[in-house]
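Peer 1: Here is what each chain is made of, one letter per residue.
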Amino acid sequence: MKTGKIPQQVVVLSLIAVAVLAGFFGMRALFVPESFGKYGHYRADAVDVIRKLPIQYAGAKACADCHDDVAATKSQGFHRGVSCEVCHGAAAAHIDDPGTIKPTAPRQRDLCPLCHNYSPSRPTGFPQILTAQHNPGKPCMSCHKPHDPVPPNTPKECSACHRGIWSQKLVSPHASLECATCHQVPKEHSVNPRGFTVGKPKGNQSCEKCHSNESPPASTIPQVASEHTGRYLCWDCHYPHLPEGKQ
Amino acid sequence: METGALEPFTGYIYPNEYFLQWELLIVLYPYITGLVAGAFILASLERVFKVKALWPVYRLALLSALAFMIVAPLPLLAHLGHPERSLEMFLTPHTTSAMAMFGFVYAWYLVVVLLLEVWFDYRREIVIWSRESKAPWKYLYKLMTLGATDISEAAVRFDDKAGRLITIIGIPSAFLLHGYVGFIFGSVKANPWWSSVLMPVVFLFSAIVSGMAIVMLIYMVTSWIRWKPIDMTCLNKLGEFLLYALIVDFSLELLDFIHRLYESEESIHILSQLITDRLFLSLIILQLLMGAIVPMVGLVAARFGRLPDEMRRMIYFLVGILIQIGIFSMRWNVVVGGQMFSKSLRGLTVYKVHLFGLEGLFFTMGLLLLPVAILYVLLKLLPPWVDGDQDGALASQPH
Amino acid sequence: MSLDRENGGCPGTAAVAAESGCAGANTTEMDRRQFFDTCQKALPVGMVLLAAGTPIGSLASADTGAPEGAVPEPKRASYAMAIDVEKCIGCGRCAAACKTENKVPDSPHYVRTWVERYVMTNDGETRVDSPNAGIDGFPDQPEADILKTFFAPKLCNQCANPPCVQVCPVGATFQTRDGVVLVDDDYCVGCRYCIQACPYGARYLHPEKLVADKCTFCYHRITQGLLPACVEVCPTEARVFGDLNSRSSPIQRVLRFNPIMSLKAELNTRPKVFYANADQEIR
Chain A
1 MKTGKIPQQV
11 VVLSLIAVAV
21 LAGFFGMRAL
31 FVPESFGKYG
41 HYRADAVDVI
51 RKLPIQYAGA
61 KACADCHDDV
71 AATKSQGFHR
81 GVSCEVCHGA
91 AAAHIDDPGT
101 IKPTAPRQRD
111 LCPLCHNYSP
121 SRPTGFPQIL
131 TAQHNPGKPC
141 MSCHKPHDPV
151 PPNTPKECSA
161 CHRGIWSQKL
171 VSPHASLECA
181 TCHQVPKEHS
191 VNPRGFTVGK
201 PKGNQSCEKC
211 HSNESPPAST
221 IPQVASEHTG
231 RYLCWDCHYP
241 HLPEGKQ
Chain B
1001 METGALEPFT
1011 GYIYPNEYFL
1021 QWELLIVLYP
1031 YITGLVAGAF
1041 ILASLERVFK
1051 VKALWPVYRL
1061 ALLSALAFMI
1071 VAPLPLLAHL
1081 GHPERSLEMF
1091 LTPHTTSAMA
1101 MFGFVYAWYL
1111 VVVLLLEVWF
1121 DYRREIVIWS
1131 RESKAPWKYL
1141 YKLMTLGATD
1151 ISEAAVRFDD
1161 KAGRLITIIG
1171 IPSAFLLHGY
1181 VGFIFGSVKA
1191 NPWWSSVLMP
1201 VVFLFSAIVS
1211 GMAIVMLIYM
1221 VTSWIRWKPI
1231 DMTCLNKLGE
1241 FLLYALIVDF
1251 SLELLDFIHR
1261 LYESEESIHI
1271 LSQLITDRLF
1281 LSLIILQLLM
1291 GAIVPMVGLV
1301 AARFGRLPDE
1311 MRRMIYFLVG
1321 ILIQIGIFSM
1331 RWNVVVGGQM
1341 FSKSLRGLTV
1351 YKVHLFGLEG
1361 LFFTMGLLLL
1371 PVAILYVLLK
1381 LLPPWVDGDQ
1391 DGALASQPH
Chain C
2001 MSLDRENGGC
2011 PGTAAVAAES
2021 GCAGANTTEM
2031 DRRQFFDTCQ
2041 KALPVGMVLL
2051 AAGTPIGSLA
2061 SADTGAPEGA
2071 VPEPKRASYA
2081 MAIDVEKCIG
2091 CGRCAAACKT
2101 ENKVPDSPHY
2111 VRTWVERYVM
2121 TNDGETRVDS
2131 PNAGIDGFPD
2141 QPEADILKTF
2151 FAPKLCNQCA
2161 NPPCVQVCPV
2171 GATFQTRDGV
2181 VLVDDDYCVG
2191 CRYCIQACPY
2201 GARYLHPEKL
2211 VADKCTFCYH
2221 RITQGLLPAC
2231 VEVCPTEARV
2241 FGDLNSRSSP
2251 IQRVLRFNPI
2261 MSLKAELNTR
2271 PKVFYANADQ
2281 EIR
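Residue numbers (this note's numbering), protein chains in the order written: chain A, 1 to 247; chain B, 1001 to 1399; chain C, 2001 to 2283.
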């Protein structure tokens, strides 16, 4: 390489390299969007594009602007947390053009069961029905006002809201026991469930009524000495709604 | 290739996992880049490490690497949702993205390493051909000289030195090229089948194995087509290196497997199901048994056993084909296998190869045949034969 | 698994934590985290330099979220969602509303949010399903052997440390300065690396646009003061949306009073979707 001058190959390749690099930076100057990199490694304009997408759901506040009467009724009832568009569907178009575009108003039995059909996976206390057995064929609205859904008759059975527990109890040795045998249920609970909550048994006494060996003997009920529990509560080990034994 | 396709998908998969995102084309991509890296490393064995026995396949390996390299980005491009935007990877590469580096690693490797190496290696001949060939070819060779027509002794000596320097740069580059492909998968922490520090290393060694095997196959096939004797010293040496690479590759894969099994993380249950229910054929049978263990036995027998040359050639040929199947299966098991289980770790899905369309079998086969066509052109244009015979070269060439 | 309460209150960047003066933010820990973040960004920059000789200044991302210029901008929001698993009734209205609001393809295999049902049986098995994202309800399960069962809504976790953004090769998916991860439909090349990198299965390739698509927290709604569609229609307030940088945001109460976990916390994605009262089987 000690030729004194730069080899021809190097000259040629250097020229090509410079051309390629110039092309690369030229392309960058030409094709990279203007707003790219303003806030970070992205096109800042994309944020505005996404921000300007049309909305479909107007929001309950917008509904209340015109339908203040319904909003007032609803705000006092069990459905106060349920946004209008849950049942009536997306209504932004209706707000833009209230005259011609009307939101849907479900009147059959198809919508309500989505929330109120019984499923053991739903949290206990949530009002649920067995849709197939609950006044079959009748639209829900014929008995329940959707904006203030008070049941026409206060439910007598605890299973109306606690079916999961109830159905477990049904197959347990405790099947014949009323809920109130162990729980103290305030009268108002069935009307105002969250205002008047159900008490749980305070201690082992409620179990000992039947299961203590000092209780009246009954051949089918297992009975234990009071020392059996030690420092534990009975339900620390035995699930009262489905105690072991026969299942 | 298709495993477990008859079974329905089991357990729970996230709704968005119903369709696989990376299909046959992405299986093809690491397979082809692997061939490039492996073929180049084979070439560098002769050039840098002076393994003179490999001289007959040096140029052939270089040209094969180039042919595969030209095809390598095509499956990637074809699988993009918006191929027309692919330039963005060069214009605004995201510095935290392994994939964004692809453009640069590829450009570096193709232009700076492969093309330059071939150019320096052939420049003297190109200049001669540009003077002595007939009309159309003359101009093509003229263009290929890039204007550097000095073939004085000093200039040729410079070519040789530059070529060696590029090969030396090329070895880490080849490691980078394929190690990086492994990193694309190995760095995905969301996917326990991929996420492994060993992934780039396993990819690298499997690349070396597949590249050496393909050059061995190409050498044997081209010799047969040209009715030329195969240099058995070269072939034996090739087989020897192939055996070493295969042993390292197999050990690494085994290490990865044992490590996973021993650490036995949360994902182990679904991954064992994946292997037994979905990948048994492609992983256990094709990749490990047919693609690694049988070739190892074959190579040991051919290299160290007292066998007639005819038998050896037969073994090398079969081993070469088995290794290609095995390495392709390995890419399949990584790419497709990594998407056949749910990231909820609760279920397995299925993948059925389509026949038509961009992700289909026929298109993939086309892409696999394309390098062969390119190689044919390259061999005609830049004859690499060292046996003094140029009958495969252009008729117009004097030489 | 469960997130430290203080951190849960301010999981943003170090800059955000300092700004809001969030109590209990361990400065050393934050600095260390920031240091690693910086290293993470610097490493591949070196690779680019090596490969292309591109100047650092023009390529290195500088998304610090710090206000630029002399005029101080109002404090930026840090949007987040909390999901109270104990309140979810599995009605699937969220998933349905999301499809309407965001014009998500009408197919069970493309969803931005979905509801999973978990059923744990007495023999220790966990069954999960989400037929059509939970939009049409769930088929009955045999009740006899259920130990416990619940619903869990899923969506993009809007990670503070999003793996999808990290892997996007072109900067088509990104984190806005208020912490929401979005996709630029006009820039995405459709390589699907982000879909692979998402641990939560929250992304899909839009079958018509052929770009990656995902939950935006309804960015077009929240930036004009509306709630995300799924939160708007949730009848039991199982989904709560808010601003982590605002002390009076409803999300603060959920974070304060409930045991909180985030999904796949071991991956250090630092989700901004928090799960309250959630079972570890949710993943």
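Check each hint, because a few of them may be wrong.
[Said to hold, decoys possible] In silico DSBU-like links for lysine-lysine, alpha-carbon gap of 35 angstroms or less:
id	chain 1	residue 1	chain 2	residue 2
1	A	Lys-209	C	Lys-2148
2	B	Lys-1189	C	Lys-2075
3	B	Lys-1352	B	Lys-1228
What the hints contain is simulated information worked out from the structure, not anything from laboratory work.
All of these numbers come straight from a predicted model, not from anything done at the bench.
Peer 1: CA of B/Lys-1189 to CA of C/Lys-2075, is that 35 angstroms or under?
Peer 2: holds, 33 angstroms
Peer 1: Taking only the CA atoms, is the gap from B/Lys-1352 to B/Lys-1228 under or equal to 35 angstroms?
Peer 2: This hinted pair is violated, its Cα atoms lying about 43 angstroms apart.
Peer 1: Next pair to validate is A/Lys-209 with C/Lys-2148; report whether the Cα-Cα distance is within 35 angstroms.
Peer 2: holds, 29 angstroms
Consistency with the previously given hints fails for number 3 only.
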